[in-house]
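Student: What follows is each chain in one-letter form.
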Amino acid sequence: MTPPPASAKTTRWSWRSQAFRALAYQVLAVGFIGILVWYLAHNTATNMRQRGIQSGFDFLLGTAGFDIGESLFAFDSGESYLQAYLVGVTNTLRVALLGIFLTTVLGTLLGIGRFSRNALVRGLCRVYVEIFRNIPVLLQLLMWYLLCTELLPDMANAWELGPLFLSKGGLNFPIPVWAPGHAMAAWGLLLGLPLAWLWRSHAKNRFNATGVPRSMVWAPLAVVLACGLIAWLLGGAPSETNRPFRGEFAIENGGALTPEFLALLIGLTLYTAAFVAEVVRGGIQSVPQGQAEAASALGLSQSHSMRLVQLPQALRVIIPPLTNQYLNLTKNSSLAVAIGYPDVVSIANTAINQTGRAVECIALIMVVYLTTSLLTALLMNWYNARSAIQER
Amino acid sequence: MSFQKLKSVAFATAVFGAVAAFPAHAGKTLDAIKARGQVICGVHTGLAGFSAADSNGKWAGIDVDMCRAVAASTLGDAEKVKYVPLTAQARFTALQSGEIDMLSRNTTFTLTRDASLGLSQTAVVYYDGQGFMVPVKSKIKSAKQLKGQTVCVQSGTTTEKNLTDFSKANNLNIKPVVFEKLDAVEGAYFSGRCLSYTTDASGLASVRNKSAKNPADHLILPELISKEPLGPLVRRGDDEWAAIVKWTIFGLLEAEENGITQANVDDLKANSKDPVVGRILGSTEDTGKLLGLDKEWMANAIKATGNYGEIFERNVGPKSSLQLPRGLNNLWSKGGIQYAPPIR
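Line order of the protein sequences matches chains P and A. For the first sequence, this note's numbering assigns the number 4 to the initial residue and increments by one for each residue that follows. For the second sequence, this note's numbering assigns the number -9 to the initial residue and increments by one for each residue that follows.
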């Protein structure tokens, strides 16, 4: 008879071994979740088959057959559902990206405003935050939309603000007519970037060598713009614009922002900015008072102290909760269905009704939001790692 | 526990999961209704003349009367209905999942819905068509003048697609503004966000009557751009139940054709010598038995709601607040296209 395997080995795989137990629990947990997911998917598929409900993602290639009120690129009802989804996704991203940008600017200003020496500014910022973060965002959206559609004049009697028209039809503005000169200008701007970068590193070196502060922001910006301007002039300085004018019933021609888009953008920005303001305030408060005192002892002005000493340190505390607010804004944009903006949820709603593929369409919405959220989080994590304290 | 034991537990769990994944097939709809003592009927959340609840929570309308007639023919009591108000989007899922027994919610019959949703269309209750409403002050007289204009429309309807087809066929480049809720569409139209509002002509009349400050300020354009046959749907796979709903509606039409009304139904049941009337009311032949119902199934339904003509007059006809003409929905013998197969 062969002797039993080494006792060390048997005890290792016994229930008494903590490592084994930990592994077993994990396998069990993963297995249980796997079975649950499989059960739900299988059950749904079986039920749908039994009831004769067709399923599958093949409908995405079929003709959509419905129009979309606004899109960044031309969409025709003869194109596929996939194309319609893309329009919805770009509409969602358009409002999310613009919203994130505006929210960051407004929220940061409000957050800093709460440390102002001016009591009025401090008070106003506080009142703003308390009002806007305590009213449900859906109500705010409906309020802005009602304001847009009830208070503004009819399309036939639009307010004329210089070249702009404002009415229930939205904001109409002139857009440049495409000409090769514009492409030149774009190339000029691109070319300006490395030049600006060269200038900036030169200015930095000078500053490090002599201690004389040089413009690090405005001068490089001027370089970029100058390059663009020169290229535009070289391209024949095209200045023809497509100006809106009063048509029989509505404003025609020109570019337009619909009231749905405006209401959604304003509503989401103002709401999220209140949260961002609190995040920024918390971040700044987390920087020890001694830092500000040290800065002023060195003779830095209050704005320099804020910009060069306090904010960079506060960023480390600010970024993770700020990421949350960005994600919230993106996800809240799905409330657009309430005010008729054709975001991805609205398009999916229509697709569900035309094709009856509810499970597939909902799954697609989830994938879209999951992807955008994960990408945002990834980007912000990278930025967070960059601005974290470099331990040496 | 050994690894072996663990494996057998995992296996048992897997087997359990697989078995539970095949639920037992539900009993027949009619049996379930009889056991429950109630017909569960999906209706509109509020469309005057079709299905709307009054201030006392009592439902009324053509679609509601279909629910009542079916409840009367199956359970002998038109009050035994539970109404489930549904949005345009939730309606099919509610029926597919078995939450409701029938969907009587001004729903258009189309090929896609018949062939791919696992649902069966029964009989047409209202022949409708999609129209446009505009403010009178816009001076628009024809839908073809809507070139490049905004039109408010509700999502989850056949309306959206019809609008696109019409726009494309006439090269109008209409811009749709799509809302999920009826209130939101109405609000957007009446506030002037859209120049026009499009849905089924009957729906336009209903909205104009209910929500406009002054109904005379709004014009329903003459063009009807689609065919919208509206009627109840049931789940596919229970043909007996589909037959009951279908024949109850046919019965209401047959009753009008043969002069049976809410007022004279009892009298005719006792005294009529007409064999057709006798068959419909179950006084001579038992037609109900073939459907699995009482002998007096149709008599009960007519007693509860009146015949089709009475239902139409009461809810949407010229004397009601909607004032819709009978038009296509008149009997075939009177110039319309409502033609029911005979009960025999």
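Hint data in this document are derived by calculation from the structure and do not stem from the laboratory. In this text, all values refer to a predicted model and were calculated from it rather than measured experimentally. All residues carry an ideal CB built from backbone N, CA and C; glycine is no exception. Don't take each hint at face value.
[Stated by the list, open to error] Residues from chain A that keep clear of chain P, each with C-beta distances beyond 10 Å, as calculated: (1) 131; (2) 166; (3) 170; (4) 185; (5) 267; (6) 312; (7) 315; (8) 329.
[As the list claims (entries may be wrong)] Pulled a few chain P residues facing chain A out of the computed Cβ check, cut under 7 Å: (9) 68; (10) 72; (11) 152; (12) 171; (13) 343; (14) 352; (15) 353; (16) 363.
Student: Hints first: check each against the structure and report whether it holds.
Tutor: A quick look at each hint next to the structure:
1. 131: Residue 131 of chain A clear of chain P: closest Cβ-Cβ about 13 Å, beyond 10 Å.
2. 166: violated (5 Å)
3. 170: Incorrect as stated: the minimum Cβ-Cβ distance to chain P is 5 Å, not above 10 Å.
4. 185: violated (6 Å)
5. 267: holds (39 Å)
6. 312: holds (26 Å)
7. 315: Answer for residue 315 of chain A: holds, closest chain P Cβ roughly 30 Å.
8. 329: Check passes; 29 Å lies beyond 10 Å.
9. 68: Holds: closest Cβ of chain A sits about 5 Å from residue 68 of chain P, inside 7 Å.
10. 72: holds (5 Å)
11. 152: Because about 4 Å separates residue 152 of chain P from the closest Cβ in chain A, which is inside the 7 Å limit, the hint holds.
12. 171: Check passed: Cβ of residue 171 of chain P comes within 5 Å of chain A, closer than 7 Å.
13. 343: Interface hint status for residue 343 of chain P: holds (4 Å vs cutoff 7 Å).
14. 352: holds (5 Å)
15. 353: holds (5 Å)
16. 363: violated (12 Å)
In the structure shown, a violation is registered for the earlier hints numbered 2, 3, 4 and 16, in ascending order.
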